[in-house]
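Using the sequences and the hints given, assemble the complete structure.
Last residue of the sequence shown? That's 137 in the working numbering, and every number before it is there in order.
Don't read these hints as lab results, they were simulated from the structure. For every residue, glycine included, the Cβ atom is placed at its ideal position computed from N, Cα and C. Please note that the accuracy of each hint is not assured.
[As the list claims (entries may be wrong)] Simulated restraints, written as ranges between beta carbons of each label pair: (1) 62 with 85: 19 to 29 Å; (2) 77 with 99: 26 to 36 Å; (3) 88 with 123: 14 to 24 Å.
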Amino acid sequence: MARYGGDEFALILPETDALGGRQFVERLRQVIARHTFPDLGPGQIPGLSAGVVAYPHSQVLRPEDLFTQVEAALDRGKKSEPDRIGVSGEMPES
44 MARYGGDEFA LILPETDALG GRQFVERLRQ VIARHTFPDL GPGQIPGLSA
94 GVVAYPHSQV LRPEDLFTQV EAALDRGKKS EPDRIGVSGE MPES
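Structure representation (structure tokens):
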């Protein structure tokens, strides 16, 4: 994990496809929701929106392309509702 921006972090999950990445972020969101943050008021829970991209990806030829895809997935997640996960590319059938 590395800080990518002010309140943005990047995670690299080796050997994880888009579905696995989405599931990981969902579990992370659940852990955050259960955690007590002493600096927040009672009942306040920090939100978590995420963009997930699996690599290799057809539109990623350079490292910069990967971040472009992640930003687009994050924007899709945020536009659907706050506290959502956007995924770039196709998800396997469940």
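Here is what the structure says about each hint:
no., hint, result
1, 62 with 85: 19 to 29 Å, "35 Å, violated"
2, 77 with 99: 26 to 36 Å, "35 Å, holds"
3, 88 with 123: 14 to 24 Å, "19 Å, holds"
When the structure is compared with the earlier hints, a violation turns up for hint 1 alone.
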